[in-house]
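K.L.:
Given next are the chains, with one letter for each unit.
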Amino acid sequence: MLGAQLLVAENAFFYVIAAVMAYGAIRVVTTNNIVHAALYLVVVLAGGAAQYLLLGQEFVAWVQVIVYIGAVIVLFLFGIMLTRAPMKAEEKLTNDLRGAALIPTGLLAAILATLCLDAFSDKTVDLVSPIRTKAVTSAIFRGYLVPFEVVGVLLLGALIGAVVLARRD
Amino acid sequence: MNALFAADPLFNGDGLWGSIFVVVLLKVVIAFVVLLVSVMLYIWGMRKWIADMQNRTGPANAGPFGILQTLADGIKLFFKEQSIPSSADKPIFRLAPYLSILPAFLMFCVIPVGGKINVLGHETYLQVVDLPIGAMFILGCSGIAVYGVMLAGWSSGSKYPLLGSVRASAQMLSYEAAFGLGILSVLMRAGTMSTREIVNQQSWTNTDGILQNLSNFYVVPAALGFVIFIIAAIAETNHPPFDFVEAEQELVGGFVTEYSGIRFAIFFLAEFMNIITMSAVAVTLFLGGPNGPMFMPARFGQSGWVNGTVVPILWFVGKVLLLTFGTVWLRASVPRLRYDQLMAFGWKWLIELAVLWVLVTAGILVLGDRGWNPAAAGVLSFGIAGAAYGLLYLCMPKSGETVEEFR
Amino acid sequence: MLALFTQPIDAARMIAVPKIDWLAIGPPVVLFTAALAIVLLASLLRGRSLQHDLDDWVVLCAFAGPIEFWLGRFSAIRYNHDVFSIIVMLAGIGSVAFAMGVSIVRKHTFAASLVIALAGVISAVAITVAQWNVVRTSGSFTSMAGAVAVDGMAVFVMGVVLVATVFGLLLGTSWIRREQLEGPEFLALLLLCATGMLVMASANDLIVVFVALEVFSIALYVMTAFDRHRIESQEAGLKYFLLGAFSSAIFLYGVALTYGATGSTNLVTIRESLTGLVGGDNGLLMVGFALMLVGLGFKVAAAPFHMWTPDVYQGAPTPVTAFMAGATKVAAFGALLRIFVGSFDLLQTDWRPAVYGLAIVSMIVGSVAAIVQTDVKRMLAYSSIAHAGYVLIGVQVATESNGGLGGTSAALFYLGIYMLMAVGAFAVIQVVGRARETDSSLDDYKGLARKEPVLAGLLTLFLLAQAGVPLTAGFVAKLTVFKAAVDAGQFQIALIGMLSATVAAFVYLRIVLSMYSGDEHGSATPVEGNRLTVDLPVRITISLTAALVLLFGVVPGWLLDVAEHATSILAG
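Chains as they are written, first to last, in my numbering: chain B, 2 to 170; chain F, 140 to 546; chain A, 359 to 930.
Hints listed in this document are in silico derivations from the structure and should not be mistaken for laboratory results.
No experiment lies behind these values; they were computed from the predicted model shown.
A hint or two may mislead.
If we take Cβ atoms under 10 Å as the criterion, some of the chain B residues that face chain F in the derived model are [claimed, not checked]: (1) 36; (2) 60; (3) 63; (4) 66; (5) 75; (6) 76; (7) 79; (8) 118.
Distance condition first, Cα-Cα at most 27 Å in a straight line; then the derived DSS-like pairs of lysine-lysine [to be verified]: (9) F:187 <-> F:229; (10) F:187 <-> F:215; (11) F:219 <-> F:229; (12) F:229 <-> F:215; (13) B:124 <-> B:135; (14) F:219 <-> F:166; (15) F:187 <-> F:219; (16) F:298 <-> B:89; (17) F:166 <-> B:89; (18) B:93 <-> F:255; (19) F:219 <-> B:93; (20) F:255 <-> F:166; (21) B:93 <-> A:597; (22) B:135 <-> A:377.
Beta carbons are placed, not taken as given, at the ideal position from N, Cα and C, and that holds for glycine.
Bound conformation, chain B alone (with noise of 0.2 Å):
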C-alpha cells in the first residue's frame, strides 16, 4: 500500500517539477536580464535536485545543491555584481538567431527523447531502498579512487593555471 502510495506521489511531484524546471529552462535563455538568467538557473538546478530526491538519491541532490545552486551560481552573480551589475534588461542579450537555434534546439531534444524513452521507459526506481551516502563513498573510493584522485591534479591545475593568468606583469 505504501508503496502504491509512493508511487502516485513520486510521479506527480514528477511532472510538476519537470514542468517548473522546463519553465526555467526556456526563461533562462529568453529573458533579457542576466540576473533573471540566472536565477531562472538556480530554478532548473533544483528542480533538478529535487527529482534526484524522487529517484532516491539524496547524496547526488544534496551535492547538486551545495556545488551548483551555493557555489556555481553564486559564484556567477559575484562575478556578474562585481562587474558591471546591470539593473535593467539589455536588449543586445537578444540576436537575429534565436529563430535558428530552435532547430538544433528541437532536434537535439527530440532525439534526446527518443532514445531515452528507447532505452530506460521499461525501467522503475526502487523508492523502498535508495541509493545511501555509504554505498556512493564506497564507490568513490574504491572503484573510481582513480578519477576521484585525478580530479585533484584536475584542481591543482586549474588554480595554477588561474595564477598564471591573473598574475599583473
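Fit chains F and A to the known structure of chain B by using the hints.
P.N.:
Relative to the frame of chain B, chains F and A by itself:
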C-alpha cells in the same frame, strides 16, 4: 518510506495521511513558532546583556524588564510604510527577505531538540525531520543563505547595498569551505551524516565520570574543528566581528539600506534566527545536543517524561543559550575587522588549518584502525601537519613584504 | 588523556584503505610529484620570508652555542653536556648550510625547477620501461579496480608522451629565457599536462579518460595563453578554451549515453556487455560513441572538428605548439584506439565508416587548406590536420581481420614519428621566430639558407620527412599506414592518402623554396648581420629529433618492432 526520507519511528508504519500528516504539520508549525519566539527573546537578551556590559539599563519599559521590547519593535515595523526604490528590481526586491529567512529555518529542521515523544498515538522524535544526510542538508542551507543578502543588495538598485552584498557574498563563499571542513572533522569520527546519529554517539552515561562523559562530546576529540566551525559560522552569519554586510561607517546600512517596514523586520529576524540556528548546529555536532546528566535517574527513571523528554530539552536549550551568550559577548567586545584582514584570515589561515585538521583526524582514525598506539598516531599526524603548516607559513609573504618575481 | 584520541574499533565504521598499485600508476604519479615540487619550490623562494626566517634561525643557533656553554657551566641541572653541545653545533652548521643552499637555489630557481622536471620525466621513463618489461613477460593487466590498464599500447603512448615532454621542457626553457617570462609555473603546467596524458594513455575507464582529458586540456589552455606579451597568445588561449570546453562536454555526453546503454564505464566491462549486441539496434549506444568520436576528433584535430587548430597553433607559444602537436595527438589517439578498437571492435561496422570519412576529410582539408596559407606555423597546423587523417587510416583498419592489428601498430608508429618531425620543425620555427615570435610568415624565411645554412637544412629535413620523402622516417610511417590499408583491401583510401600527400608536399616545398630563394635581406624584420641565437636546449632538441628522423628513416626496424608489440589493447 522510512529509508527514503527520514529515520523517524513516525514513518515506520504504512501510510502517510491522516494523523501522521497532522503530526508532521504540528512539528513544523511548533518549530517555527518556537524559533520566532526564541529570536524575540534572544534580541531582548542581547540588548540586556550588552547593556550590562556597558553599564546601561537597556530596554526597560515594555513589559517586565523590557521583555516585550522586541515585540513592540516588531509591531511598529509591521505597521510602517514600505517603500521600494524606483530603480529597484521589484519582484526580487520583494523576494529577497524570504530567501534570507528560509535557510535559517530549514537548517533548524534537522536539529534534534530532545528524545522521543508520543503525539496523537504516534511515537516521534523531537525534531522536525531526521534526514539520513542531515549534515549535508546543513551545508546546503548555509550555501543558499547567501542568496538573500546578495539579491537584496543587487535588487535595491543602489550603490551601497550593492557593495554590501558583494562583500557579503565574497565573505560567505570564502568561509563556506572552512565551515564545511569543520563539520567534516566530526563526520569522519561519527561515520554518519544523520544529526540524530551524531548526537546519539555523544552519549552521556550517568555511571561514568564527568570527564569521561565530556570527552564523548566531539568538542574534545575534534577541538580544533570546533574552533574552526565557530569562527566560520560567525562569518557565515555575518555576525560581529565579521558584519561587513552592514558596516555602518562605510556602507550606510549595507544591504538593507533601502528596506523598510516588515521586509526590514524579516531581514532582522533572519539574521538573529541564523545565530540561534548556528548555535543549535554547533551544539548538535560538537556539544552532544540534548545529551547531559540525567536528573535523579534512580527516582524518575531513565526514560520517563522527566529524563526522557524534559531534561534533554533543558540541556539543549541551556547549551544553545551558552553559545548565543558567547556571540553577544563577541558583539559587545570585539571590534570589526578590516575587510582585507577578513579575507586574508579566511584564505591564508582558516582554510589551511581546517584542511590540515581533517588530515590529522584522518591520520589518527586510519592509523588507529590499523592498531597503532593512539599517542603515536597523534604525534605522527600532528607532526606531518605541523611540518606542512610550517612550509605554508614560509611560502606566504609577510604583510608589507613585496613579492619578488623570477625571470 | 589517551582515551581522548581513541575510538572503539568498529568494523562497520572502519575506514577501508584502498590498495595502491604503484607500478601501474607510477609514471603519472612521479610527474605530478615533480610538478608539485616545482610549485612548492617556486612559492617557497618567491617571498623573502624564507630568507628572513632562516637568517633568524642561523643567528639563534650562533648564539645558542655560547649560551648553552655557560648554562652547562653554571647550571644546577646536570645533563649530558657533550651530546647537547654537539646537537646544537650540528643544528647551527646544518642551518647555515641550508641557508646557503637556499640562497644559491634562489638565484637559480628556474634551473632548479628544470632539474626537478627532468628528473621527474626520467624517473617516469624508467617506470615505463619496467612496465614494458612486465607486459612483455607476463602480459597486460588492469589494476586500481580496473581503472588503469597496463598494456603494450599504454606503455608505447606513455613513452612517446614522455619523450615529447622532455623536448617540450627543453624548448620551453629556451623560450622562457628569451621572452623573460616567469618559468617555474610553465614547467609545472607542462608536467601537469603530461600527467594528464599519461593517465589518459592507460585509462581503462571512460570516466578516467574524461578526467585525464580535462587535466591536460586545462593545462594546455593556460600554456597557450601563457605569453602575456603577445595578444595572439591570449586570443588563441581563449579560443582553445571555449571550443575545447565545448568538445569536452560533447565527449562527456557521449560517455553518459554509453554508460546508459551498457551500464558501465569500464572499457573491459563495456566490451563484455557488447557481445551479441547489434549496434544499430541500440540508439543510445550509437549516439554515445558518435559523440565520443566527435570529442576525441576535436582533440586529435581531425577535420571537420579542426577549426581551432590553425588559430591555436599559430597563436600559442611555439614550444607549446610543438608539445601540442607531438603529445596531445598521441594521447588522444591512444584513447581513441583504446575505446574504439579495444572496446567497440564488435561494433566496427557502425563506427568504421565514420572514421573512414573523418580520415578522408582530414587529409583533404589539411593538405588543400595549407596551400593558401602564408604563415609557416599555420601551414604546419593544417599539415597536422592532414597527419591526423593518415593516422585515422590506421585506426579504421585496425579491426580488420586480415589486416590483423597492423592498423594499430601503423597508427602508433606514425604517431611516434610525427611527434619527432613536428617537434623538430617547431623547434626551428621557434628559433627563427625571434623574440616575441614576430617572424613566422613565409617572407621571414626568405634567405634563411644563406644566413643559417644548418638550421635551414634541418628544417628542410623535417619538412621533407613530413612530406614523406624516402630515407626519412616520414616515408616509413606513411608506408606502414598505406600498407595496412592496402592489406585490408582498401585501395581507395590509400590512393586518396597518397594524392593528399602529394598536395601536402607542395606546401612543404613552398617553405623550403622560400628558405633557399631570395637574398639575405628579403626578410623584413631581422637586422642585417643579426644572427639567430640557438641555445643549448634547442640545439639538443633539434639535433636529437633530426638524428632520430634520419635513423628511423634508414633503419625503422626497431621502432616498428616495438610498435608491433605495442598493439596489445587490454579490452581487445
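K.L.:
Return the numbers of the hints above that this structure violates; sort them in rising order.
P.N.:
Numbers 8, 9, 14, 17, 18, 19 - these are the hints that the structure violates, sorted from lowest upward.
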